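S.K.: For reference, the chains in residue letters:
2 protein chains.
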Amino acid sequence: MRMLLTPGPVEVPFDVSIRGSMRMISHRGPEFSSLYSDLLHQLSRLFEVEEPPIPIPGSGTGALDALCGNLISPGDRVISISCGFFGERFREIASRCGASLEIIDVPWGESLEVHHLLEALERFPNARAILLTHNETSTGVLNPVEDLAGSVPKDGPLILLDAVSSAGAMPCLPERWGIDGVAASSQKGLMAPPGVGLVWLSKRAWSRAQEVRCPSYSMDLKLYKKNLTDAPETPYTPPVSLYAQLLKGVEIILSSGKEEWWKSRARISRALCAAVEAMGLDLLVKSPNRRSPGLTAIKMPPNLANGVRSSLKGMGLQVAGGQGGLKDSLIRIAHYTDMDWPEVCMIIGSLWRALNDLGVRADVGCALETANKIMSER
Amino acid sequence: MRMLLTPGPVEVPFDVSIRGSMRMISHRGPEFSSLYSDLLHQLSRLFEVEEPPIPIPGSGTGALDALCGNLISPGDRVISISCGFFGERFREIASRCGASLEIIDVPWGESLEVHHLLEALERFPNARAILLTHNETSTGVLNPVEDLAGSVPKDGPLILLDAVSSAGAMPCLPERWGIDGVAASSQKGLMAPPGVGLVWLSKRAWSRAQEVRCPSYSMDLKLYKKNLTDAPETPYTPPVSLYAQLLKGVEIILSSGKEEWWKSRARISRALCAAVEAMGLDLLVKSPNRRSPGLTAIKMPPNLANGVRSSLKGMGLQVAGGQGGLKDSLIRIAHYTDMDWPEVCMIIGSLWRALNDLGVRADVGCALETANKIMSER
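Sequence lines, in order, name chains Y and E. So the first sequence is numbered by full-length UniProt numbering: it starts at 1 and just counts up by one. So the second sequence is numbered by full-length UniProt numbering: it starts at 1 and just counts up by one.
Accuracy of the hints is not assured; some may be wrong.
[Unchecked claim] Below are the DSS-like pairs computed for lysine-lysine, each with C-alpha atoms no more than 27 Å apart in a straight line:
1) E/225 <-> Y/327
2) Y/327 <-> E/222
3) E/327 <-> Y/225
4) Y/373 <-> Y/299
5) Y/263 <-> Y/299
6) E/327 <-> Y/222
7) Y/327 <-> E/226
8) Y/226 <-> E/327
9) Y/154 <-> Y/225
In short, the hints are calculated from the structure, not lab data. Bear in mind the structure is a predicted one, so any value in this text is a computation, not a measurement.
All chains should be modelled from the sequences, with the hints used to inform the complete structure.
M.R.: Right, dumping it as structure tokens:
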């Protein structure tokens with residue numbers, strides 16, 4: 001058994017993987033138009049939005065670049081509230097577009113809360129945008145984006161969301177929540193290989209984009225929007241085979257019923273968290289309702305993080321360590337994808353064995369029973 | 001039979017295609033490092049350069065964006081000499097970075113010549129960069145880039161080259177020729193699916209890049225250069241499976257012997273051109289030594305371009321029409337990839353039949369005999 005449990009790229013489901021070998025088609029013709037049209041339609045269903053999220057060639061980082069490049073003009077005051085590594089990267093990306101940044105740092109492992117946002121709005125009333133991270137992959141925090149967005153006045157700053165590691169694996173409903181811009185990516189909750197970014201803008205954001213000169217031609221979303229007709233086209237060559245793979249990933253989620261899919265991911269997360277705690281380990285994120293349904297960050301006993309990771313690697317399971325200051329004290333296990341009870345057993349049993357081999361005793365039976373109780377809740 | 005003969009994406013060879021279904025690997029680990037290291041090494045061999053071309057997620061347009069974004073600061077005077085659609089796009093991309101453009105337009109179908117460049121250098125002595133297109137896909141012109149670069153003084157403007165549709169299918173030797181920056185892409189002469197751009201900088205260009213603030217985080221080549229060590233890493237998630245496919249495409253070229261590969265592509269081009277002329281058709285590019293080894297643009301009898309294209313499509317062969325003002329008077333046939341005599345017969349015989357069905361008579365035997373003579377030269 002060999003399984004990628006790192007926070008992206010993820011283990012790509014077979015039906016998605018196999019499309020990577022598709023016979024190539026021209027991107028100027030009815031076959032691609034039909035693929036692209038399906039992709040736009042299914043993505044719109046997934047995000048419950050009227051205008052489709054736009055796929056662009058690139059990584060999640062590229063999608064964040066496109067989001068900022070289309071909505072931030074040099075000198076714009078931008079509030080960045082960050083609780084981890086990816087919040088800081090979002091900030092760096094905005095600063096490249098000339099944003100005048102107002103920074104609020106929340107300790108790693110904690111979440112962005114409404115009071116942080118209200119303080120920021122009071123301190124910087126003329127901000128033009130707020131940068132938020134949905135699922136902070138470096139710590140396994142799920143930020144309460146719906147509540148956060150709900151606390152910003154309708155005529156307030158644009159709310160820009162990094163949903164790179166949330167989209168697909170958990171609800172991300174920008175139109176319903178009142179978000180203005182979203183960046184996502186193919187290789188995490190959408191279960192495709194890396195190489196496609198997604199960018200969605202609200203009507204208000206599209207009108208802001210008209211005023212902004214995007215410094216990059218290939219990331220100018222206005223060029224994309226022109227051709228989103230019945231027979232949609234891209235302004236330049238798209239990564240055709242990756243689009244086909246991404247479409248399949250989205251279809252897997254939609255055909256399972258997206259609400260049920262999201263509930264299942266959250267259930268797996270709760271089961272793993274409970275099992276980990278039953279084995280006497282601590283989770284980085286204290287508050288249960290701020291734990292990511294897609295990724296769990298587990299504190300390791302002193303100096304054991306690397307040993308546990310390499311022991312798991314020896315069994316075939318590849319997990320991530322911490323990032324930044326947490327590099328040597330965490331392991332992070334991603335579970336964005338099509339997992340169920342067998343994978344939960346695999347993770348718990350293997351983690352238990354790795355700890356056991358390193359002299360850390362725990363009751364694996366109790367851990368599995370705890371997990372099973374949660375997995376049996378429907 | 002069904003075959004893509006459009007100027008990219010191309011028909012992907014089977015051995016390249018199949019790697020698109022590879023089992024996903026983490027981009028932080030020895031497996032990816034080894035793949036990436038091989039890719040950098042083989043690309044360096046192909047371009048005969050000391051420092052490797054850098055693969056980035058994106059299209060050829062994205063690679064051009066990265067080239068300009070890393071080397072052009074707002075206000076820099078930049079000379080753009082264009083002979084087609086893609087020369088104009090390169091110009092537009094540079095203008096997004098704030099270039100102050102000095103424009104020279106050469107009629108479509110003609111090539112950029114040393115005298116154009118010398119005039120430009122005299123008129124704009126303080127230019128910081130010159131934009132050149134290697135293979136102008138809209139017209140099938142191959143510009144004499146080695147001669148052009150040789151005519152620019154060593155301390156003159158940086159020479160930036162759009163090699164998006166040349167790399168792989170014809171010699172592109174930037175270090176030997178004295179080019180400073182090159183943008184290329186995966187989906188044409190390198191025979192992989194679209195989604196990877198390549199950017200190469202000379203030592204002089206790297207030192208210029210130090211002074212430029214790249215407006216895009218994901219396209220900042222300095223972030224890439226940091227980790228090009230023995231176990232190279234990318235600054236953010238790369239399109240892993242596309243890198244594996246691109247590596248295979250490059251390996252096919254190198255294992256055939258790149259000089260021999262290039263000679264074969266050029267021979268196919270000459271054979272097709274001669275056959276087309278033997279059928280009484282005109283080529284857009286008058287000068288034989290300015291015709292692209294990768295793509296042939298054929299003038300169609302009045303009002304027949306669309307008919308011929310759709311007739312070829314009916315036989316399974318997908319070719320392109322003209323671009324811009326040439327939209328309805330040309331067909332363009334790409335032959336960047338692993339073709340030989342059978343494909344030449346297929347193209348000539350099918351084109352002859354399409355014309356014949358539309359009432360245009362030609363001697364197909366003579367066309368094939370003419371082509372055969374050229375294909376037999378070794």
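S.K.: Flag every earlier hint the structure violates by its number, smallest first.
M.R.: none
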